[in-house]
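Number of protein chains: 2
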Amino acid sequence: MSDYHALNAKEAIDYARSIEGIFPEDAELSSREIGDGNLNLVFHISDPKSGKSLILKQALPYAKVVGETWPLTIDRARIESEALLLQSSLCPELVPHVYIYDSVLALTVMEDLSDHVIMRKGLIEGNEYPLFAEHIGHFLAHTLFYTSDLGLNQQQKKLRVQQFINPELCKISEDLIFDHPYTNAETNNFNPLIGNEVKQIWHNSKLQFEVALLREGFLTHAQALLHGDLHTGSIFITSRSTKVIDPEFAFYGPMGFDIGAVIANLLLNYAGQEAWIADETARIKFREYLLQTVQDVWQHFSEQFLALWQKDSVDRLSSVPGYRENYMQRLLQDAMGYAGCKMIRRIIGLAPVADIQSINDPNIRAKAERIALSIGQALILQHRQASSIDEILEIAKRGLEQ
Amino acid sequence: MSDYHALNAKEAIDYARSIEGIFPEDAELSSREIGDGNLNLVFHISDPKSGKSLILKQALPYAKVVGETWPLTIDRARIESEALLLQSSLCPELVPHVYIYDSVLALTVMEDLSDHVIMRKGLIEGNEYPLFAEHIGHFLAHTLFYTSDLGLNQQQKKLRVQQFINPELCKISEDLIFDHPYTNAETNNFNPLIGNEVKQIWHNSKLQFEVALLREGFLTHAQALLHGDLHTGSIFITSRSTKVIDPEFAFYGPMGFDIGAVIANLLLNYAGQEAWIADETARIKFREYLLQTVQDVWQHFSEQFLALWQKDSVDRLSSVPGYRENYMQRLLQDAMGYAGCKMIRRIIGLAPVADIQSINDPNIRAKAERIALSIGQALILQHRQASSIDEILEIAKRGLEQ
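These protein sequence lines are chains V and G, in that order.
For the first sequence, our numbering assigns the number 1 to the initial residue and increments by one for each residue that follows.
For the second sequence, our numbering assigns the number 1001 to the initial residue and increments by one for each residue that follows.
Treat each hint with caution, since some may be false.
[Unchecked claim] Chain G side only, calculated, beta carbon under 8 Å to chain V, not exhaustive:
1. K1121
2. C1170
3. N1184
4. Q1208
5. A1351
[Unchecked claim] If the Cβ cut is set under 8 Å, some of the chain V residues that face chain G in the computed set are:
6. R17
7. Q154
8. C170
9. I172
10. N204
11. T220
12. Q223
13. G322
These are calculated hints, taken from the structure and not from any lab test.
Each residue gets a CB set at the ideal place from its N, CA and C atoms; glycine is no exception.
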């Protein structure tokens, strides 16, 4: 990695031009840095004449968080590009196409998706995405099934586990999702108006017991190759297309963590709608859409997952009567528990989400935050008894009674 | 690995002589090959004049089983020596000392333990080992705790998982322990007199459901670095000393698999005593000793494990009220389930144990086998409800009613 250096705009343009078969010879390339600058440089390289464009994403060897600079391995660029390539082989239409991965520069050259919007932004604006549940269900079913012991040769799976050992990025999740929100940690960042609710969480040992179990699963349960950070900010979307990006947190973990991430972020938006839609009837309707989407995500995921199991299982014992039903129930329970953790961390922890954080009025924001904390806690406390996705919807509905 | 070749006796002697500080200059070394010849060459190199001796263990690039030759990675020699060194750092008195690991020759030079006997042989002869439970409890507690997320930095643990990915040897366990005994597989090998009992197992879907769950845990639950093959043939013993050898199956798996292996092999001997002790009073007494040992193994293990947890936990959330008790109960349940699997595979599967296999009278052997199958099935069927080690003892007692 000794020749690594962070690219500037000119170097990014030269790099893009050197890739054969993308831009015409006479392209007039311009570069725009569109990354958030915390972890990666993201150059959008475009040629207005031909209308062609590309993304160059380069990992920085540090992370800028809370004003400090943390060293962070650029090996995550390898993880990300290898995960993208693997996901692409399983569901090519749902991830950006990767042209090149350059291990020296920790650089991935990939398809430009600027015709899509970040789903979180779309949901905040009140847009509905009728194909999203089907698309993400397909993504989850295929990426999780075919990287697990159910759908992948079990010796090859072990080599995949080895390939995707990802200590530094897992550490971020272990601390920021499963530890800091449950104690008075320096990294925490919450609205002072919800101080009482937060302190109750810090002293709720029943809740923390369930979180400890979920954290243990995250640490030890090498079930499938996860995206690892599957929130609505990692999803580019239009009414017709869904693209899952940024799998730098990829590692072998519990499937429910990815499924739960999708559910949690739909429910965070559901809580945030306290502010975004003023008209009550319209707000109720959009929240119904979000809950229907939660249900549809699980429905599409589980139907497709079971279809793949039927078709392509590599495990003789997985056809034993009762095992499939038991497995799916445990997935639902995990998804519910992890969804709860992912909601709470966005309200108390270091990294908030715009659905709630960008609500200007602190009192309305506090109301949205109380809804999210209430739903999150109930999901965590009840997850080990869950037997139907409807229970998540019921919890979400009760969560509005704040 | 291109310079690898299997050593002959003369080369083994030359190699031993080249190691500084072991044998005197004028040593008259002789070599005896004492391996079973299936997987490894094991040279016992000794100098009668000084009384000094050494073991050279070299992995062969194939396995001889059922008359066939299977290619098998010599990387298992690296796994074995690295596991030995790690275990040695945690409980030096309980594993052989490693002098050298030679990666080119897949060769480990280690302490000679010929003053010990293989525990399986000792138990068949009716010997009691009063310190065994304490020793193996210590071994299990230290090796499992300090390689788990409870006792090892959680990022370093991930690198250990990566280091000990062991697909080929895990495959042997996955097939021979968790799959073949439950179907009419070619590798199976059982006494024709128990054909009915075996067929009942092949058609017992409730049993197979539980086995599928245990198999899933073996495949996915990267809880701690296991020995991976901790039967009484992997234990050298005297009345004062216990040495655990042969960790070539080491990998990150569920702790209960190692604990269960010890319990299973004590109970296989318990079943085999049908033949070995003719006098009924003496047989009852020895079986009581074996059951007491099962109880003491769990007692010593759990006490020491909890003491290490108290002293050296690296996980803040592991001190949440209720978590420790819940964790220990799950360990017991896993140990019980895996013990059951390990008993059944020794009766039906490819690799029998001498405790039972070497009983000459096929009818007495069948009785011992029925006892083992009955105990094994009950352990598997009841494991998820277990809350006390006493339940294993009760199952073992009821198992004699064949």
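Hints, verified against the model:
1. K1121: 34 Å, violated
2. C1170: 7 Å, holds
3. N1184: At 12 Å from the nearest chain V Cβ, N1184 of chain G fails the 8 Å test, so the hint is violated.
4. Q1208: Given a least distance of 5 Å, the restraint on Q1208 of chain G holds.
5. A1351: 20 Å, violated
6. R17: 38 Å, violated
7. Q154: 6 Å, holds
8. C170: Since the shortest Cβ distance to chain G is 7 Å, the answer is holds.
9. I172: 11 Å, violated
10. N204: 10 Å, violated
11. T220: T220 of chain V check passes; min Cβ-Cβ to chain G is 5 Å, inside 8 Å.
12. Q223: With a closest approach of 5 Å, the Q223 of chain V hint holds.
13. G322: Status holds, d = 5 Å.
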